[in-house]
Amino acid sequence: MVTNSPSTHLAHEDSGFLTARGLSRSFDGALVVDDVSFSIGRQEIFGLLGPNGAGKTTTIRMLSTVLAPDAGDVTIGGHSVLREADEVRKIIGVCPQELALYEELSARDNLVFFGRMAGLGRREAKDAAAENLGFVGLLDRASDAVRKFSGGMKRRVNIAVALMSRPQLLFLDEPTVGVDPQSRNHIFETILRLRDEGMTLLYTTHYMEEADRLCDNIGVMDHGRLIALDTPVGLKSAIGDPDEVTLEQVFLNLTGRSLRD
Amino acid sequence: MRLVLRQSLIIAAKDTRVFLKDWFGLGFALLFPLMFVLGFSLALRNIGPGDERLTITVATQEEEGVSHQIIGALAEESIVDLTVMEYGAAVRAVEDGDIGGFVAFPADFTSDLQGGLPTKLEVVAQIGDPETEAAILGFANAVAVASSNTRTAVQAIVQLAGEEALPQDMAAFGRDSDLLRFETEQIGPVEAFNAGDFTVPGYLTMFVFFAAALAAEAITRERANHTMERLMANGTRRESVVVGKYLGSVYRGAMQLAVLWGVGLVAFRIDLGFSPATVIMVSVLMVLTSAAFGVMLAGLVRTTASASSAAVLASLVLAPVGGCWWPLFVTPEWMQTLARITPHGWANSAFNKLMLFGAGGGDVVLEMAALAAFGVGFLVIAFARFRLSPHAS
Ligand SMILES: Nc1ncnc2c1ncn2[C@@H]1O[C@H](COP(=O)(O)OP(=O)(O)OP(=O)(O)O)[C@@H](O)[C@H]1O
Ligand SMILES: [Mg+2]
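Residue numbers (the working numbering), protein chains in the order written: chain A, 2 to 262; chain B, 387 to 779.
None of these hints come from the bench; they were simulated from the model.
Quantities reported herein were computed from a predicted structural model and do not represent experimental measurements.
Virtual Cβ for every residue (Gly too), placed ideally from N, Cα, C.
Heads up, some of the hints might be wrong.
Some chain B residues near chain A, calculated using beta-carbon distances under 7 Å [to be verified]:
id	residue
1	402
2	404
3	455
4	613
5	615
6	618
7	623
8	624
Derived pair list, reagent style DSSO-like, types lysine-lysine, alpha-carbon separation capped at 27 Å [as the list claims (entries may be wrong)]:
id	chain 1	residue 1	chain 2	residue 2
9	A	237	B	407
10	A	127	A	155
11	A	91	B	407
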């Protein structure tokens, strides 16, 4: 699976593996991400929470080099996403919020294709595909067209694709949406195992208990701004006894109860 | 550069895999055009001259000589019903409207041939009777072919045995290669005897373009489902996607060519003319240009819906305008001019020249250049406008 590459232990320990400084982005005049700064240490699971439309996906798109920020910069593994996008792309993996898959192709063909595009050889890509499909529990369905999969199975393929490039940093944008408790638990185990194998993860979700359980640190976004940044316990302590308070209460407390777009 | 090449080849291979799993796409690209060819070939066979044998009138102003031999030989061929008339009577018959026109051999036909001088056939036809004109020009063509066959044989004998081996009046016939020409301004409208010679290239042009244009829809769908953005984060270059999508479309077009020409040759017994290689080259150029159009279209539109409507609209408008449904040479002048704004028009013009009028490769250089120019133009726009992200950003 994802192995701990030697470079994982090189410098930038202090400044964080990922550091975002003053990230901003607007669409059609509306400020969607507003001066966001944070950093993620190695082998950390960082949760990015926030109501619909808070700007989480837009932030991830900027962190993962596919959307240019209007202001600010990000370094990942010491490389700037603005000036060294090619270097950054070699060490990140992205599991987008959408199921970015080729429905007509089999699960294996999807993985092999993305692996080959990330630079793997034919043989290498095949092996990695089998490994990653096993990792998400889909090896027995490897030859079936993704079109025939259930929603939860597609989610797992979506994650497996992101693992094909053997990333050091993995972005997971709502990987558990629409997934049953069994699959979800499987995904949690996957995430924890990846972290144990040396990966750093940035994770978004609307399931608060999930974030509480998995994340080392949590950032809460609302209206494009990062309004809180702490450990789960730290966040809960701010409003009461961390053993009594739920992260959901913290979330509602921070972001209010009005509906979002 | 090597990276882009590698990535685009992988993308094209992936697209081919998807295409081969897509039964509708396969049917659309390969079976649909064949159904059209079949239908229209049957329909055209009944209205075309293939069934009613044409009556061709010839006249010669010679007392005796080669023209009489040619007429005699052609009379034995059963394609046409040959009527031989005296020259003056034939002219009067045309003036009176009794016949549409005729082909005439001049009085000095044989002596010119024997003297090594160029000579010409005269075509006398009523203005505004394209069908007769077509038939007569077709006949004149046949005469020219027959003469040049004879000439080739004569030249071969001369080479092997020397001029002495020939009857005296034949010797000069083999000497010069440009002896027989026929004078007519428009090299012209000749009705196809095999409807497939027109319908196969016509529908091939239409459906090669149609399938390639519809690729724009698939491209926008991939953009909308974020696979392209995912590739970008994966280290894939924008140019790799443009080239990969282009190549994938070219592969599909090549499959179309193989199937359509293959079935055309075997089942419809089409005749690729004197330069089959040029016919194939023109069709390959049409594939390259159409593929560029599809990728360009994907770069110009935002949504999948607009991509597919633009593709369908463009394909259904450009096909008839470009002469895929009926031969351009039966249409009025302005329509022939209009056809030049479409790649289809240039492709069909080349196919018709090559497959119906006996032209050679050198005669369709302009058509091929025009097709290539369209392709290059489309590609330039494609490179400038192609995006990987679902939203403009
Ligand atoms: N390409 C775009 N063009 C215009 N507006 C956009 C674009 N992308 C995002 N937005 C807007 O930016 C805001 C933040 O969107 P984003 O997708 O980042 O939110 P999110 O926090 O991921 O929400 P969710 O939890 O629903 O996924 C929204 O108001 C959205 O409408
Ligand atoms: Mg989102």
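- Closest C-beta approach of residue 613/B to chain A relative to 7 Å, hint status: holds (5 Å)
- Take a quick look at whether residue 127/A and residue 155/A sit within 27 Å of each other, Cα to Cα. Roughly 19 Å between the alpha carbons, so the hint for residue 127/A and residue 155/A holds.
- Query: Does residue 623/B pass the interface check with chain A, least Cβ-Cβ distance below 7 Å?
  - Reply: Nearest chain A Cβ about 9 Å off; hint violated.
- Task: Go through the hint on residue 455/B and say holds or violated, using the shortest Cβ distance to chain A against 7 Å.
- Result: Because about 66 Å separates residue 455/B from the closest Cβ in chain A, which is outside the 7 Å limit, the hint is violated.
- Item | Proposed interface contact between residue 615/B and chain A, which counts if any beta carbon pair is under 7 Å | Holds. Min distance 5 Å.
- Item | Restraint satisfaction for residue 618/B [CB to CB of chain A, less than 7 Å] | Holds. Min distance 5 Å.
- Message: Hint check: residue 91/A vs residue 407/B, CA-CA at most 27 Å. Holds or violated?
- Response: violated (31 Å)
- Hint check, residue 624/B versus chain A [nearest Cβ-Cβ separation less than 7 Å]: It is violated, given that the least Cβ distance between residue 624/B and chain A is near 11 Å, above 7 Å.
- Query: Measuring from the C-beta of residue 402/B to each C-beta in chain A, is the shortest one below 7 Å?
  - Reply: With a minimum Cβ separation of about 11 Å from chain A (threshold 7 Å), the hint on residue 402/B is violated.
- Do the alpha carbons of residue 237/A and residue 407/B lie within 27 Å of each other, as the hint requires? violated (52 Å)
- Item | Satisfaction of the residue 404/B interface hint, Cβ to chain A closer than 7 Å | Hint on residue 404/B: holds, closest Cβ of chain A at ~5 Å, below 7 Å.
In this structure, the earlier hints numbered 1, 3, 7, 8, 9 and 11 are contradicted, and the remaining ones agree with it.
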